[in-house]
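Once you've looked at the hints, dock chain B against the given chain A.
Protein sequence lines correspond, in order, to chains A and B. The first sequence runs 762 to 1382 under this note's numbering. The second sequence runs 15 to 88 under this note's numbering.
Simulated from the structure, these hints should not be mistaken for laboratory data. Do not take every clue at face value.
Computed Cβ-Cβ distance ranges for the label pairs, DEER-style [as the list claims (entries may be wrong)]:
#, chain 1, residue 1, chain 2, residue 2, range
1, B, Glu-84, A, Ser-1359, 50 to 58 Å
2, B, Ala-47, A, Val-1216, 39 to 47 Å
3, B, Ala-47, A, Val-980, 44 to 52 Å
Incomplete in silico selection of chain A near chain B, CB under 7 Å [to be verified]:
#, residue
4, Tyr-826
5, Ser-827
6, Gln-831
7, Asp-834
8, Arg-865
9, Lys-947
10, Thr-949
11, Asp-978
12, Leu-982
13, Ile-988
14, Phe-1076
15, Asp-1079
16, Arg-1180
17, Leu-1184
18, Leu-1192
Note that the Cβ used here is the ideal one computed from N, Cα and C, for glycine as well.
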Amino acid sequence: MTTTSSHTILLAGCPNSGKSSLFNTLTGSKQKVGNYPGVTIERKSGTVTSSNGSIVEVIDLPGAYSLKPQSIDEEIAFKVLSQSIDSNSNQLIVAVADATNMERTLSFVLELKTLGKPIVVALNMMDLSMSRGIKINLSKLSKELGTPVISTIAVKKNGISILKDHINQFVSGQPINKVSNPSTLKDTESRFAEVDRILSICQSKPSTADMWTYKIDKVLLHPVLSIPILFLLMLIMFQSVFAWAEAPMTWIEDGIGVLGTLVSTLLPAGWIQSLIVDGIIAGVGSVLVFLPQILILFLFILLLENSGYMMRAAFIMDRIMASIGLQGRSFVPLLSSFACAIPGIMATRTIRDPKERLVTILIAPLMTCSARLPVYVLLISAFIPDQTVMGIFNLQGITMFGLFIFGIISAVIVAFVMRKTMLQSKCSSFLIELPSYKIPNMKNVFFGLYIRAKVFLKKAGTLIMGVSVVLWVLATFPKPPIDAVEPAISYSYAGKIGKTIEPLVAPLGFDWRIATGLVPGFAAREVMVGALATVFAVEATDEDEQISTLSEQLQSAWPLGTGLALLVWYIFSPQCLATFVVARKETNSWKWPLFMFSYMLALAYVGAWATYQLTSFFVGA
Amino acid sequence: MVSGEPNNNNSETPATDTEQVNKMLDLGMIPGAEVEIRHFGVFGKDPIAVFVRGGIIAIRRTDASRIEVEEIQG
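Bound conformation, chain B alone:
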């Protein structure tokens, strides 16, 4: 589940589904990477803009919710 306000740091663990996962990996969403949710879309706070490995990735909630994350203090 992806939740929380911007500046919550989360750390990832592996997800599934090859094609989508490959694309996420290319964009830097690798296991163990730190992610930070920065912006939300207008309707239903969807999609979300996530800061990961020096860049910002826009991703829909349904896809993001399949990534396991754990919250990092700070």
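So that you can see chain A by itself, here it is in the shape it has in the complex:
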């Protein structure tokens, strides 16, 4: 029999202590992401089943260094632990500690003890700590702390099953801690003194324990080499996104092509066949193709985060970010935004200064996210000749790179202007921990990728499929009159909508067909490709053929100025509804997402207008 228990397990610990990896091991795939009541911070929870059959909720609290909150993340951890929110159950705290840095993490464990709740200490990374020659006596540590201490990778008996034994004990109402009175060490200094006392009894640590991190940092934080290395890593990252994704993208394209042909032969010609083949398979397929690129980008971001390098990037970039009124921490969310602005915007929570955080949120969508790739690829193949310049560079490749750079430069300018005008705050501080390097836990990395793939496929299966169907309907009905002279689509609803908007975008060189695609493009950028495909009424089902025919059609339908203006439009255009919803959640009002929408729309309009006018002036319309 299973019942939902009124007991809750809280995982608490410092950032980089391996808390999430313990959470993944403990709860497996039974995870859900929601929000804390009343606030809009992501609440990561999962369940374990105790031996008496009841289901116990496990909450992965945001990482915190202490119970004196310094950021929104830490504030949530503090509120849950002090039960001012989410407070309907008996709580067991699992204090996650990093065995390679006991000096730091034990202080938080001692602070958690002041809450007077049952605590189990879970020591992570014991293997790493042993390989560095650190010896920790677990039973002595347990005695000194007055709490059970388990190693998550214990050799004899699996540490996780010992942790589960403690959870069972807790659920059945048995006491966990030998010492029931809460710790009275209220201030930081006395806690550190206590940590020193405990460690002098329980730990022996050679002075060379962190030599590896020191040696690696000698290179990666080298006063001259650090910046070239950072840029090389980013170059490898973007290069891999394109190179590695090529083969799997071809497989997906071929698969979609085969599926389209198969459906065409199985179903009789008619509107049902057209809906499935031209609407659903073409629309969803044109987006699905980009799954490999998105996953490779996320793979790099996760590896950089899990290895400990991401914080070094923040360190290296701090001075540069300071010159535009931001700080090193802002670099991490902005780098993530190259994959997708949504995790990027959520990653801004570690930034303490509210205005710095806000500016970082506002410029995150200017980073070239993976959803822009389909549009860029289509337009570049249509309007930029595939030729070699200066011997080694491909003009199309340079254009793609230029679009990335253009996005970054615009973000820099926008951030600078905002920090100088409406979002001033006194020069903030930059204070972060540089974690010791470790080999990323691949199980965790792949789990992270799995979650991203699931989110993306869900979007393709719901939002993009829905938009594809609606667009197909709008582009197909009403049917043209028998004496039609223009293409069928210009008589349809989509054609009429596009023609209504056309006067607004005509100064940018956009015709009614682009206008038709812009509307669903606000929901998600990549929809534009499918939308243009539908609007141009390409009957081909093979994805590759569709893109090439589509790009040929675009080339003959539009002048160069229109193509370039559309590219510039896509650098700035306020897009993807989900970004604005996340920005709304993170800023707790519609004011800033609306501002973000307006400034991006203004930049897109002016940028596209200038591009079209200049190109027409120099090249001729």
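Same frame as chain A, but now just chain B:
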């Protein structure tokens, strides 16, 4: 004033400013702790990476200069 090359051991005495100080304390920068400057940023040698209580903390020079330190031989 924070100065010197890596491997100069310095010992701290109290500083002021509550919010920033709390954060520094949490990261182990407590009075009397031994600190060792390990790495410098590229431009203007800013920020600096300091080894303190078993971990590395990155901090800007303007903040670090408000911490009183004295040099330890060795």
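Quick rundown of the hints versus the structure:
Between Glu-84 (chain B) and Ser-1359 (chain A) the CB atoms are about 54 Å apart, so this pair conforms to the stated range of 50 to 58 Å. In this structure, Ala-47 (chain B) and Val-1216 (chain A) meet the distance hint of 39 to 47 Å, their C-beta atoms being roughly 44 Å apart. Evaluation of the 44 to 52 Å hint for Ala-47 (chain B) and Val-980 (chain A) yields a failure: the beta carbon distance comes to about 27 Å. Evaluation of the Tyr-826 (chain A) hint against chain B yields a held restraint, the C-beta minimum of about 4 Å falling below 7 Å.
The restraint placing Ser-827 (chain A) at the interface with chain B holds, with a minimum CB-CB distance near 4 Å, inside the 7 Å limit. The closest approach between the C-beta of Gln-831 (chain A) and any C-beta of chain B is roughly 5 Å, which is under the 7 Å cut-off, so the hint is satisfied. The closest approach between the C-beta of Asp-834 (chain A) and any C-beta of chain B is roughly 13 Å, which is over the 7 Å cut-off, so the hint fails. With its C-beta approaching chain B no nearer than about 5 Å, Arg-865 (chain A) sits inside the 7 Å limit, and its interface hint holds.
With its C-beta approaching chain B no nearer than about 13 Å, Lys-947 (chain A) sits outside the 7 Å limit, and its interface hint is violated. Evaluation of the Thr-949 (chain A) hint against chain B yields a held restraint, the C-beta minimum of about 4 Å falling below 7 Å. For Asp-978 (chain A), the interface hint holds, since its Cβ comes within 7 Å of a Cβ in chain B; the closest pair sits about 6 Å apart. Annotation: Leu-982 (chain A) was flagged as interfacial toward chain B, and the flag holds, the nearest CB pair being 4 Å apart, inside 7 Å.
With a cut of 7 Å, the hint placing Ile-988 (chain A) at the interface with chain B holds, because the nearest CB-to-CB distance is about 6 Å. Taken as an interface hint, Phe-1076 (chain A) checks out: its beta carbon lies about 5 Å from the nearest beta carbon of chain B, inside 7 Å. For Asp-1079 (chain A), the interface hint holds, since its Cβ comes within 7 Å of a Cβ in chain B; the closest pair sits about 5 Å apart. This hint is violated: Arg-1180 (chain A) has a C-beta 17 Å from the nearest C-beta of chain B, more than the 7 Å allowed.
Checking Leu-1184 (chain A) against chain B: minimum C-beta separation of about 20 Å lies over 7 Å; hint violated. Below 7 Å, beta-carbon pairs count as interface contacts, and Leu-1192 (chain A) has one with chain B at about 5 Å; its hint therefore holds.
Hint compliance for this structure: hints 3, 7, 9, 16, 17 are not met, and every other hint is.
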